[in-house]
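K.L.:
Spelled out from the first residue to the last, the chains are:
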Amino acid sequence: MWYHKPVVSKELLQSLPNLRIVASSGVGIDHLDLNLLSSFGVKVSNTPFIVSTDTADLGMALMLASSRRLVEGYEMAVSPDTEYFPADWLGAEVSGATLGIVGMGTIGYKVAERAKAFEMKILYHNRSQRKKEESAVGAVYCKKIDDLLQQSDFVLLAVNLTPETHKLIGKRELELMKPTATLINISRGLVVDQDALVEALQNKVIKAAALDVTYPEPLPRDHPLLKLKNVIITPHIGSATKKTRRIMMEEMTESIQAGLAGLPIPHEVL
Amino acid sequence: LSKKVQAIYLWWHKPVIDRELLQSLPNLKVIANSGVGMNHLDLKLVASFGVKMANAPRAVSSSTADAGMALLLASARRLVEVHHIAISSSMDYCEADILGVKVSGATLGIIGMGRIGYKIALRAKAFEMKILYHNRTQRKAQEEKAVGATYCEKIDSLLQQADFVMVVVSLTPQTCNLIGKRELELMKPTATLINISRGAVVDQEALVMALQTGVIGAAALDVTYPEPLPRDHPLLKLKNVIITPHLGIKTDKACYMITEEAVENILAALNGLPMPSEVLPS
Chain A
1 MWYHKPVVSK ELLQSLPNLR IVASSGVGID HLDLNLLSSF GVKVSNTPFI
51 VSTDTADLGM ALMLASSRRL VEGYEMAVSP DTEYFPADWL GAEVSGATLG
101 IVGMGTIGYK VAERAKAFEM KILYHNRSQR KKEESAVGAV YCKKIDDLLQ
151 QSDFVLLAVN LTPETHKLIG KRELELMKPT ATLINISRGL VVDQDALVEA
201 LQNKVIKAAA LDVTYPEPLP RDHPLLKLKN VIITPHIGSA TKKTRRIMME
251 EMTESIQAGL AGLPIPHEVL
Chain B
1 LSKKVQAIYL WWHKPVIDRE LLQSLPNLKV IANSGVGMNH LDLKLVASFG
51 VKMANAPRAV SSSTADAGMA LLLASARRLV EVHHIAISSS MDYCEADILG
101 VKVSGATLGI IGMGRIGYKI ALRAKAFEMK ILYHNRTQRK AQEEKAVGAT
151 YCEKIDSLLQ QADFVMVVVS LTPQTCNLIG KRELELMKPT ATLINISRGA
201 VVDQEALVMA LQTGVIGAAA LDVTYPEPLP RDHPLLKLKN VIITPHLGIK
251 TDKACYMITE EAVENILAAL NGLPMPSEVL PS
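As they're listed, the protein sequences go chains A and B.
If you're matching positions, the first sequence starts at 1 in the UniProt record's numbering and goes up one per residue.
If you're matching positions, the second sequence starts at 1 in the UniProt record's numbering and goes up one per residue.
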């Protein structure tokens, strides 16, 4: 299963009496009804850890591109109308700034490791505190998400999508953020209240956003997010490198083969 | 008025410091440059008028290193290209066509391991990159160890092994056209050239040829010669090239720090004290 297709519904499962396993690409399984699949005796696997590094790399790429106005800068550099580069055109510094990581799992932690090398001050919010990892990257735990939102120059979302994280970032959270802050989303579109985000960006409640994920994907072509100057959108490329995709396919094949042979399934999702 | 001028704070190469200007300012004592590159100044000419010069090396290093990493990541993950796909009015694209290159674990070759080059190494290490470097002199063992960098006495060795080649030298007669046809041909056909130094360090025509014929994979350039490029220049049209408008130091923080460094140098020169970052004609 790639990119959530086909949609695994009751009708599909009823029409495939010999279906033994659904191997899903990537780590997220929010698009699958696990209870439904289980009731049909169908096993599920994903590809959890292999995507982490590329996704963390992309989070950093989005943060740097947004703060240094890379896309705007490129357009200026190649535009037929450009005669000179204005002296007062500035971006914001990443080195030494404060990064707030919401969701300190495997991906969130890899982002922290990278951010540390940029001398960033790192805050994190997580369901539980991670003391050992904290000291390795110099991260400070924020039990209340509000504390993280109020202090961060960059807020990076690295949670998985669950009923608890649905619309985790809404109007209230955006208003707690600094007006100079940037929201970076590498988790799932539904973690953010998208309408509230559009309003916040239009009214300068926050400065900018960089989104690898939206809801839906892709957005309708007339969606306001596509037109805002202070937004970078990428088409869900978190794990989109040749090396990683190859390994994902290998892992999915292994899981399918094990599933069909009745053997223990690598990366089974229970 | 010209008799009153004792210091010049040079912002973005203006004013042009030539013989006429120097002759018209008899009391000029110091020129402080905004930034670290001094290639636009005739150091010997300025010194012959008894005028001291300073640059701002400390202020620029973090923001320029950040810009280098930003370009590396944007190029590897095809950020500019896929952003345009994501917002374009057509939804026609194939998922398999937008795959990028994995940065973590790749090999980065840094040409010029000064302050900025070293900060790049620190950042690249956190991405688990293998780091090679070429420099006029080898760095101390503990500095190398801290970033896991391997010295390449010959630039060829670096060029042959690197997936990303980052150019971070200052522009001097020795580094002009440092990267030419020969060097580009030594690079891997899948490699990316990133230039955050000066346009003239790279033979631009050779670069265009190399990119057009697949001799190297891609380029990301914060600097060109001239800036901006003429609007019909081939580099502006190549799909595998990212160009940015010399934004290496263009952050609010860096500009503030550059001005602070310049003021420190100016005050020191006017008070006859040692200057923190004096530049001597060598």
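Hints should not be assumed to be uniformly reliable.
[What the hints assert, rightly or not] Capping the alpha-carbon separation at 35 Å, the derived lysine-lysine pairs in DSBU-like fashion look like this: (1) A/Lys229 to B/Lys239; (2) A/Lys243 to B/Lys44; (3) A/Lys243 to B/Lys4; (4) B/Lys239 to A/Lys144; (5) B/Lys253 to A/Lys116; (6) A/Lys143 to B/Lys4; (7) B/Lys44 to A/Lys242; (8) A/Lys116 to B/Lys154; (9) B/Lys4 to A/Lys121; (10) A/Lys242 to B/Lys14; (11) A/Lys229 to B/Lys253; (12) A/Lys5 to B/Lys253; (13) B/Lys4 to B/Lys44; (14) B/Lys140 to A/Lys132; (15) B/Lys181 to A/Lys144; (16) A/Lys178 to B/Lys3; (17) B/Lys181 to A/Lys131; (18) B/Lys253 to A/Lys207; (19) A/Lys229 to B/Lys140; (20) B/Lys154 to A/Lys227; (21) A/Lys116 to B/Lys145; (22) B/Lys3 to A/Lys116; (23) B/Lys3 to B/Lys253; (24) B/Lys237 to A/Lys131; (25) B/Lys181 to A/Lys243; (26) A/Lys242 to B/Lys3; (27) A/Lys121 to B/Lys237; (28) B/Lys181 to A/Lys121.
[Said to hold, decoys possible] Chain A side only, calculated, beta carbon under 8 Å to chain B, not exhaustive: (29) Leu58; (30) Trp89; (31) Ala196; (32) Val198; (33) Glu199; (34) Tyr215; (35) Ala240; (36) Lys243.
It is worth saying that the hints were derived from the structure and are not from the lab.
Computed from a predicted structure; not experimentally measured.
Note that beta-carbon positions come from the ideal geometry of N, C-alpha and C, so glycine has one too.
K.L.:
Enumerate the violated hints, using their earlier numbering and listing them in ascending order.
P.N.:
Violated hints: 2, 3, 4, 6, 7, 9, 10, 12, 15, 16, 17, 19, 20, 22, 24, 26, 27, 28, 31, 32, 33, 34; rest satisfied.
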